[in-house]
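Protein chains in written order, with the working numbering: chain A, 2 to 413; chain B, 2 to 413.
No wet-lab data here; the hints were simulated from the structure.
You may find that some hints are simply not true.
Between beta-carbon pairs, the in silico distance windows are [claimed, not checked]:
| no. | chain 1 | residue 1 | chain 2 | residue 2 | range |
| --- | --- | --- | --- | --- | --- |
| 1 | A | R409 | B | E293 | 25 to 35 angstroms |
| 2 | B | P84 | A | D209 | 45 to 55 angstroms |
| 3 | A | G192 | B | D296 | 56 to 66 angstroms |
| 4 | B | K114 | A | R22 | 17 to 27 angstroms |
| 5 | B | R80 | A | A244 | 51 to 61 angstroms |
| 6 | A | R409 | B | E267 | 17 to 27 angstroms |
| 7 | B | E267 | A | G192 | 26 to 36 angstroms |
| 8 | B | D299 | A | D23 | 46 to 56 angstroms |
| 9 | B | G70 | A | G394 | 53 to 63 angstroms |
| 10 | B | E144 | A | D209 | 41 to 51 angstroms |
| 11 | B | E267 | A | P404 | 38 to 48 angstroms |
| 12 | B | E293 | A | P180 | 45 to 55 angstroms |
| 13 | B | E144 | A | R22 | 52 to 62 angstroms |
Glycine included, each C-beta is placed from N, C-alpha and C at the ideal position.
What follows is each chain in one-letter form.
There are 2 protein chains.
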Amino acid sequence: MGITREHCAGLDAADALASARDRFILPAGVIYLDGNSLGPLAKSVAPRLRQAVEQEWGDGLIRSWNDAGWIDAPRRVARRIAPLIGADADEVIVADSTSVNLFKLLAAALRLKPARRVILTEADNFPTDLYIMQGIADLSGAEVRYAGPEPGALMAALDGDVAVLALTHVNYKSGLIHPMRELSAAAHAAGALALWDLSHSAGSVELDVAQDGADLAAGCGYKYLNGGPGAPAYAYVAKRHQAQLRQPLSGWFGHAQPFAFARDFEPAAGMQRMLSGTPPVLALIALEAALEAFDGIDLAALRRKGRALGDLFIALVDEKLADTAVRVASPRDAVVRGSQVSLSHAQGYAVMQALIARGVIGDFRAPDLMRFGFAPLYLRYVDIFDTVDALAGVLAGGEWMRPEFSARKAAT
Amino acid sequence: MGITREHCAGLDAADALASARDRFILPAGVIYLDGNSLGPLAKSVAPRLRQAVEQEWGDGLIRSWNDAGWIDAPRRVARRIAPLIGADADEVIVADSTSVNLFKLLAAALRLKPARRVILTEADNFPTDLYIMQGIADLSGAEVRYAGPEPGALMAALDGDVAVLALTHVNYKSGLIHPMRELSAAAHAAGALALWDLSHSAGSVELDVAQDGADLAAGCGYKYLNGGPGAPAYAYVAKRHQAQLRQPLSGWFGHAQPFAFARDFEPAAGMQRMLSGTPPVLALIALEAALEAFDGIDLAALRRKGRALGDLFIALVDEKLADTAVRVASPRDAVVRGSQVSLSHAQGYAVMQALIARGVIGDFRAPDLMRFGFAPLYLRYVDIFDTVDALAGVLAGGEWMRPEFSARKAAT
Numbered sequence: 002m003g004i005t006r007e008h009c010a011g012l013d014a015a016d017a018l019a020s021a022r023d024r025f026i027l028p029a030g031v032i033y034l035d036g037n038s039l040g041p042l043a044k045s046v047a048p049r050l051r052q053a054v055e056q057e058w059g060d061g062l063i064r065s066w067n068d069a070g071w072i073d074a075p076r077r078v079a080r081r082i083a084p085l086i087g088a089d090a091d092e093v094i095v096a097d098s099t100s101v102n103l104f105k106l107l108a109a110a111l112r113l114k115p116a117r118r119v120i121l122t123e124a125d126n127f128p129t130d131l132y133i134m135q136g137i138a139d140l141s142g143a144e145v146r147y148a149g150p151e152p153g154a155l156m157a158a159l160d161g162d163v164a165v166l167a168l169t170h171v172n173y174k175s176g177l178i179h180p181m182r183e184l185s186a187a188a189h190a191a192g193a194l195a196l197w198d199l200s201h202s203a204g205s206v207e208l209d210v211a212q213d214g215a216d217l218a219a220g221c222g223y224k225y226l227n228g229g230p231g232a233p234a235y236a237y238v239a240k241r242h243q244a245q246l247r248q249p250l251s252g253w254f255g256h257a258q259p260f261a262f263a264r265d266f267e268p269a270a271g272m273q274r275m276l277s278g279t280p281p282v283l284a285l286i287a288l289e290a291a292l293e294a295f296d297g298i299d300l301a302a303l304r305r306k307g308r309a310l311g312d313l314f315i316a317l318v319d320e321k322l323a324d325t326a327v328r329v330a331s332p333r334d335a336v337v338r339g340s341q342v343s344l345s346h347a348q349g350y351a352v353m354q355a356l357i358a359r360g361v362i363g364d365f366r367a368p369d370l371m372r373f374g375f376a377p378l379y380l381r382y383v384d385i386f387d388t389v390d391a392l393a394g395v396l397a398g399g400e401w402m403r404p405e406f407s408a409r410k411a412a413t
Numbered sequence: 002m003g004i005t006r007e008h009c010a011g012l013d014a015a016d017a018l019a020s021a022r023d024r025f026i027l028p029a030g031v032i033y034l035d036g037n038s039l040g041p042l043a044k045s046v047a048p049r050l051r052q053a054v055e056q057e058w059g060d061g062l063i064r065s066w067n068d069a070g071w072i073d074a075p076r077r078v079a080r081r082i083a084p085l086i087g088a089d090a091d092e093v094i095v096a097d098s099t100s101v102n103l104f105k106l107l108a109a110a111l112r113l114k115p116a117r118r119v120i121l122t123e124a125d126n127f128p129t130d131l132y133i134m135q136g137i138a139d140l141s142g143a144e145v146r147y148a149g150p151e152p153g154a155l156m157a158a159l160d161g162d163v164a165v166l167a168l169t170h171v172n173y174k175s176g177l178i179h180p181m182r183e184l185s186a187a188a189h190a191a192g193a194l195a196l197w198d199l200s201h202s203a204g205s206v207e208l209d210v211a212q213d214g215a216d217l218a219a220g221c222g223y224k225y226l227n228g229g230p231g232a233p234a235y236a237y238v239a240k241r242h243q244a245q246l247r248q249p250l251s252g253w254f255g256h257a258q259p260f261a262f263a264r265d266f267e268p269a270a271g272m273q274r275m276l277s278g279t280p281p282v283l284a285l286i287a288l289e290a291a292l293e294a295f296d297g298i299d300l301a302a303l304r305r306k307g308r309a310l311g312d313l314f315i316a317l318v319d320e321k322l323a324d325t326a327v328r329v330a331s332p333r334d335a336v337v338r339g340s341q342v343s344l345s346h347a348q349g350y351a352v353m354q355a356l357i358a359r360g361v362i363g364d365f366r367a368p369d370l371m372r373f374g375f376a377p378l379y380l381r382y383v384d385i386f387d388t389v390d391a392l393a394g395v396l397a398g399g400e401w402m403r404p405e406f407s408a409r410k411a412a413t
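If we strip away everything but chain A, and leave its shape as in the complex, we get (with noise of 0.2 angstroms):
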């Protein structure tokens, strides 16, 4: 006798933060697992854009960059989320993408270590850190190092040379946690900077940037912070750094004074200088609903929920999928693994893709990962024990070999 969905009903009727579930519009008949890549419409989102649409922007025009408050957004929504990351208000702010601020802690990072050129990371880093890294190598003549995954390699790698460790929170692919503590004492004690990227934390594990010795962060504003599609990012750097900071994309909304058109670029203080151009008021706007639906969450409750969601969606694997070719490609232990879980399958896309007619929807990352996101602010216990179950009918009937299934899309 196995794990039952009655089981699983009271594991949700049990849970605390059940009630958050009510925050968000979700589709019916669908199992949203992808919002480790784009959160869902939370309520508050669309009467508050249409606000900001219709009466700040229609009836305020430019007016409302005083009165509706859009000149404060980024500052706004930023102490939305520093209480998620373990960041003073003071230490974060709300602008451009991931990969544009990425650039500018980095470009700041070789500043701050002007006799230091590495950079170092793991090369199964998310894509677009990689890229970005490789840009600016280019430009300043710094170098990308690669190393790890194993926090003793990324720790042998630690020479002289490394200006700054930068590294993925939780990697993309399979979910495994770095160690963030270890790795930034190490990064400090061989002289270098350590540069987290949270945009698969943040929203589903706690985070303490600060006791954790971070010293520059990014992260994105459309995962588990469910911003919208290309959301805005955040920028975190910790106050020790702030004075000596200095990002090159200086535009004139990160000048100290951005209305008095001087000829001089002269830094605001504190975290104004990461901005650059004008802010993307409505996307701001957007996410800073979005934020609301954190509101009054336990975190340490939250990163429970997501393991435990982690854990049953391995148990179920374990017990029903046995036989099949599916093996689970994440971390077993909860406490390395974020709130996602990869299983492997030769034939990964065409599953996913008959997993998706389903209505469960996750995703797919080459060459054989189906991933499966488990935010815990509205997903149910239920949801996982039915996504394994139609995994196994989609592997049973041999329901992925139609046709339609393997036909590839341009992104997911």
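Chain B: place on chain A using the hints.
This is chain B only, laid out in the frame that chain A set:
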């Protein structure tokens, strides 16, 4: 007997572009002369954005990257902007902010001219252009040289060290138009590239970047293009430079195969390599809908109307404000004037605040300029009459001296 309101109403009755005003939502009791800073809300925007939020994001979730065409939005919106600047569709892409795009283009220009290290510009360029130049100079060892603003002075400064001449086509304060064709040709004759910021031109001034020899260009989505506060910007690269172009903000959306998740960056073909991070989908869709307001508009007629509105404004100022301290601070020759006229007044800030209190919205630029933007797509000749009438009233009655008009706001 001077210019009468009836005369202006007659001009409106004869205006072939008059009906385009119906494409916008303009608040009652407001004359909006700040569309050169933030364009108003087109009627097409709110319904389209609501659909994108509620159906595409809410129901479609991650599937909308393919099914709703989000993945193509940067190129699709670019196809609407290309004819407004005289470019081919495959020479434009929409991404990031103007500041960030300027950084990419300046870095690319310096790389295309590796033996040269000077960025030549005018000290009165829009500040974010200057700050971004200073940022990249600081990072890469390039030098920013200031000359002009007269074309002759700029040309004289074009020596063999200049990699790129980087100018804003229409000066944000005076409205003066730089001669793009002559200056681009001079840059080429000196072995340099010509980069143009079109933020204060596109959508109000005829542009032909191809014929006028622009190598690179960038521009803003939220001024005359009416894309909303902080709307995405665009970048232009002449086809002849695209294959060689490398820009350092090489994020995953600029990769030849973003969803192959390869370790090493390989630039996408054509303009897609100008992309960096995940595109801001909701903001792109708002801009796309706003650009529908240009459907079927004769751009030559639009430019003629813009000139006529400015000429009318200056004639009315000459007639009605001759006895005041107000002076015309823009070119009187409409051929070299963008769709804006600035008036100087020592107490310009307070005068503008008093005007705004009467519902006539322009803006102020230090030290003493009141800016009036004449977006020809939605303004009427009677609006110009009423504006000067209101200004005469504000000045004659000493209305601007009221204390509430002198307190500075954070932004305008």
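(message) Hint compliance check: list the failing hint numbers for this structure, sorted ascending.
(response) The structure breaks hints 4, 5, 9, 11; every other hint is satisfied.
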